[in-house]
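Number of protein chains: 2
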Amino acid sequence: MEEDSSERAKEATGTLAAYYREETQVNEEVEERDPESNSSLHQPLLKRNKTLSSNPLALVGTKVSHIESLDYEINENDLFKQDWRSRSKVQVLQYIFSKWTLACLVGLLTGLIATLINLAVENIAGYKLLAVVGFIKKQRYLTGLIYLTGVNFGLTLIAAVLCVCFAPTAAGPGIPEIKAYLNGVDTPNMFGATTLIVKIIGSIGAVSAGLDLGKEGPLVHIGSCIASLLGQGGPDNYRINWRWLRYFNNDRDRRDLITCGASSGVCAAFRAPVGGVLFSLEEVATWWRSALLWRTFFSTAVVVVVLRAFIEICNSGKCGLFGKGGLIMFDVSNVIVRYHVMDVVPVTIIGIIGGLLGSLYNHVLHKVLRLYNLINQKGKIHKLLLSVTVSIFTSVCLYCLPFLAKCQLCDPDITETCRTNGRSGYYKQFNCPNGYYNDLATILLTTNDDAVRKLFSSNTPNEFQPLSLLIFFALYCILGLITFGIAVPSGLFLPIILIGAAYGRLLGISMGSYSTIDPGLYAVLGAASLMAGSMRMTVSLCVIFLELTNNLLLLPITMIVLLIAKTVGDCFNPSIYEIILELKGLPFLDAHPEPWMRNLTVGELADAKPPVVTLNGVEKVSRIVDVLRNTTHNGFPVVDDGVVPPTGLALGATETHGLILRAHLLQALKKKFFLPEKRRTEEWEVREKFTWVELAEREGRIEEVAVTSDEMEMYIDLHPLTNSTPYTVMESISVAKAMVLFRGVGLRHLLIVPKYEAAGASPVIGILTRQDLRAYNILSAFPHLDRSKGGGKN
Amino acid sequence: MEEDSSERAKEATGTLAAYYREETQVNEEVEERDPESNSSLHQPLLKRNKTLSSNPLALVGTKVSHIESLDYEINENDLFKQDWRSRSKVQVLQYIFSKWTLACLVGLLTGLIATLINLAVENIAGYKLLAVVGFIKKQRYLTGLIYLTGVNFGLTLIAAVLCVCFAPTAAGPGIPEIKAYLNGVDTPNMFGATTLIVKIIGSIGAVSAGLDLGKEGPLVHIGSCIASLLGQGGPDNYRINWRWLRYFNNDRDRRDLITCGASSGVCAAFRAPVGGVLFSLEEVATWWRSALLWRTFFSTAVVVVVLRAFIEICNSGKCGLFGKGGLIMFDVSNVIVRYHVMDVVPVTIIGIIGGLLGSLYNHVLHKVLRLYNLINQKGKIHKLLLSVTVSIFTSVCLYCLPFLAKCQLCDPDITETCRTNGRSGYYKQFNCPNGYYNDLATILLTTNDDAVRKLFSSNTPNEFQPLSLLIFFALYCILGLITFGIAVPSGLFLPIILIGAAYGRLLGISMGSYSTIDPGLYAVLGAASLMAGSMRMTVSLCVIFLELTNNLLLLPITMIVLLIAKTVGDCFNPSIYEIILELKGLPFLDAHPEPWMRNLTVGELADAKPPVVTLNGVEKVSRIVDVLRNTTHNGFPVVDDGVVPPTGLALGATETHGLILRAHLLQALKKKFFLPEKRRTEEWEVREKFTWVELAEREGRIEEVAVTSDEMEMYIDLHPLTNSTPYTVMESISVAKAMVLFRGVGLRHLLIVPKYEAAGASPVIGILTRQDLRAYNILSAFPHLDRSKGGGKN
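Protein chains in written order, with our numbering: chain A, 24 to 817; chain B, 24 to 817.
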């Protein structure tokens, strides 16, 4: 199973890359045509540039068709309606009960796995670092270097090999893919059991290896994987087929579960239940309703209870090197926060710097990821080489740079300062004489979590020298950029927090006596500002920082910093997640239509596509097989010709019956739901062949279906399998409004109906899909549109 | 101006009441028909009960047509499109800048007014209570009673007279109406200047009068009023017509502003910026997008800054009797929270009690409000009498009940305990000898805010006796039920918090040594549970309580309590806001379609309505006047007959051009946009007559328009004024799906197009409005639908 899935995943990544190249190509084509399209500036606005009618829309759509869209719309065909009407009260209660049980299980498992990862990381990294400190104490510097590099190399290799060979989708944070899933784009192989296991082990390996990445993003992905697996009753090949689990075998309920999973993941990462819910709401989810708000909240509550239980257990010392530190991440609640009106100036400066640095980070990371894409495409060995190179570079830097720092005298007031042995989290003596400590080693030779905690620590204004902080800042800027794209599970949160905390603390120290705010709080604000500058979240980040720092008095200044940083960042480029989404070529549908979309009607858009393929209500088998073989569409309008309309209309009317999915056509062919003559079926005939549950399956290809030549001459009655209530738009509606409908209701196909009512007219003149509504695709067919607003993004 | 608006408001309230009676009547009718409709159980599901085709749908719709729906859909007519295309970059920036400026101003003004109300209440109530304490000290008990009752009587009278005579919409909390507004229902006269002023003064009066109501709900309404007034440039008759304010003269932008206002109000009430945003998101708003999340967040940040500034000023003693207490409501951050796994039991009990009591409260309040409705309908005098009766009853109870309590010995450890004079917030000596205090007087003879603070106070386990708490609980249960419906601005939050805190503390005391949680924390949890049990919010309540108590360690148990209380409450009845919405007859559209809505198509729904009135693309004036006079519809489909269709279609096709609003037809008549012959107009002709800004005005009635008989024979070209991109559904779509579309996209009218394509067919067979999609209205036309699921609500 593993091989199979990795094969499929490879294929997916390959095609993604192909799509990406394709995109670049199309882009170039458009630019070549510039001289032509410039003339269109003087044309009336609503006229389309006819030279481009060789529909690149369809072209692009075809290339990425293996990424199927999800069916968030309820498919109201006859079978569904029968099932709906026959559902008893008991079944409804069963459904509700299992929904809540699953939400609880998602929270429980996410909490447990998060604890497991924390425990493993703290212990592996702890013992490793203790050994290194031991070597240095004995002045065996070279042995220490080799030991550190070797162990890190090994840990990285484990993580990278797992990712490269078994589950390529487990690399990276996973959040963009989850975002895309909740938008309706099903990235193949994203939520499988293999991915989950690789993600857990890989995350432990990568974080323990001291790489500049966090476990936060992976935890979100892990939560979502758990949710998806629970919803479908286990891994693909070993599913449990309990009756009450079948209710969840549809995209809508899976979407809700995965939202719960993502929230639980954030909650487990930051111990921030409300922040987790808001993160899902603000950043991840596309559709939201208050019932879901409540259920996600329940999941995160369960996570918190699990984490609290483990904190109590670990406080009694049963978790090895793992103290309470790993779970209560950054508790600065005991700090007395003092600030005055004058502090608005430094706070504004932090916000502006955060915004500038954040957008710069996004920009450079984009370039680096494009470069890495090229390297990673060359094969598995290249991927592995890249990963271990980064690991070796990281280890050498972490080990050698502290020798540049000056030794600091231990402050006898701070009890923790110089107990360098025994626990991993304390100040490091490193190469210094007794009674002294090396401040750079303290934040470099430790886990990332501990480094953040040290930087956030307050009442320690002089513990870290500006030079050390500067080195730290520069190093993590480089590491943050080169580490993210390698083939291991990696989160973006922690690298950004580390950079932000470093420059925040630097700024705090440089403020000196001007400001009354503690340098530790400056570090917190710096981290918040860079997060906002790069990820562009506001309310959820604010709440996460609130819960992280456990200090409500910070709220007003955090809010100001976040707002400024986001505003500044938005002036330059989109958020980092959007950049990654675009880079991965996922057809994510934005919330807002572009302004120029009001100047184009869906009718004009449909003209640019090949004519729509419609099926008859009772269709010949040969035609269906033909259509399925020769098109890649996933939905076909079903139209009845020559029906007898209600009184008052002329004979020979055509009636739109609805939309049928490719998957259901395949089911009909597989089950041999054939009729020897052209007639409509009775209800019992359908019931005999199909159950509603079977129709939910989405497996199969037309190549796998065998139809004899006799059968080819038979008929299929498509009526009972057709979604008889599809959403429609008139051809005169603007693309902007169609997009609002498409995204607002969560569609996969949107039928275009004519505005003319006349005999002989086709009742459906086109189908809109996600690809057709993407700004980029439309602009490649209608390049003059964007120009008309004085040149925007193009 | 005041008189005028009060007249209109009276009319509105009157008609609302009439509608309510109407509703009851219809209900009875349906029940009478029960024996008939019982037989329909055995009919096929999708057959309609033909006996009811005298469309009660239209009937109910007609009765409430004065409550107009709002146009949240963008009306894409030619004028809008021209304006849209001609908007320069500068104008777009101007628009964005003014959006943010307005959001800032909303926050600023809400913060200032909240501070003003706090200051006024604390000082008026403070001096009043000091005088009463003085009389009691001199043992002049009767004088004290008369003084207290008299002052309270006067304050209540001021509030009630203002509300009754000038702005009846200012009575009550206003939150249900805001919720309805954001859902698309424009309650008349809700956001005017008079309402704002009356609400401010009335709220100060009512709260200072010691009535059992809060300033929280009114503050939300005040914030929304400010937002609405700012958006339209001032009160109705004195509007500022700045060019850049004109962009906000549409329902969409006003909706966004009012959302900001509501969030600011909650933030100002509880000093909870994140809670405010979430409250709007979870409870108030119907549509939401992340850009709005960010802007509301900005507004609440401004509010917090304003409040903090005033706290600093008041801390230096410049605010009279007003200490820091009034702004930092309930700060329990200095409490050490300790709880263990065993505490789950009492926490669960609190949650269950909260859910039960909350739903009971909702149920009884519903009955009381129905009764009050009957009294209030009898006239202004009855309204006033009701208000002052409640005031006198409250005053007498507050004054006399403390005599029932035993005197308590002052605890020398607590410094504040027995300083009864000087400030209003301390413990009350009342009738007790020196060195003793009266615990019941301490929580009764004070402001409601102070009472809550006292009940929430921790490390004071024995300060309040169970008997006193029981009396307090019983009294506030009664007061909470009888006070809410009187004609003064009143919030629901505080009465519920008071009841909840009382029983929470009682429970805490009765737990005794079993639990390690402080009775003060029990009070907090009790308040939270009752809020959740009555208002059914989760995440926003959780965050509000978090920010209110300033203690993050409470989070997990608060979450559990809220979840349990909401679950228990939901078993019995809907939330209090939904009950009030229904009681007021506001056509609020629920988020979720009822299950039986899947069994009905919009075509069947349209059959039950009178046939749709369509207009021709170029229509005769006389017909338009006729249609406007004889129908109450606010939108008409515009259809062109006999157009020459694109190639391939038969001649004689009809074309749906779009939908025109009544308001725009009136504008065309008023402006005499007439043509002597039947032809289409040129673009310049339209531009000469209309600007896009003028079309945004919604004033005027057909009776005010004078058309000569010559003009009656002329024509109007409706094309340029028609929204050419209306949303449509096919007649075969289910009501459930139509409702998802209607609410998801935020529509006012939804056209129904036929599924047949034939010559001579009408291209639009019906229009759906908000009223048609309400479950109650549909059920009165199709009563068998609900029965089919084994009897639900009916």
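These aren't lab readings, by the way, just hints derived from the structure by calculation. Keep in mind it's a predicted model, so treat the numbers as computed, not measured. Watch out, some of these pointers could steer you wrong.
[To be verified] In silico lysine-lysine, DSSO-like type, Cα no more than 27 Å apart, as pairs:
{"#": "1", "chain 1": "A", "residue 1": "K104", "chain 2": "B", "residue 2": "K632"}
{"#": "2", "chain 1": "A", "residue 1": "K161", "chain 2": "A", "residue 2": "K401"}
{"#": "3", "chain 1": "B", "residue 1": "K712", "chain 2": "B", "residue 2": "K104"}
{"#": "4", "chain 1": "B", "residue 1": "K701", "chain 2": "B", "residue 2": "K712"}
{"#": "5", "chain 1": "A", "residue 1": "K401", "chain 2": "A", "residue 2": "K390"}
{"#": "6", "chain 1": "A", "residue 1": "K632", "chain 2": "B", "residue 2": "K429"}
Numbers of the earlier hints that this structure fails to satisfy, in rising order: 2, 6
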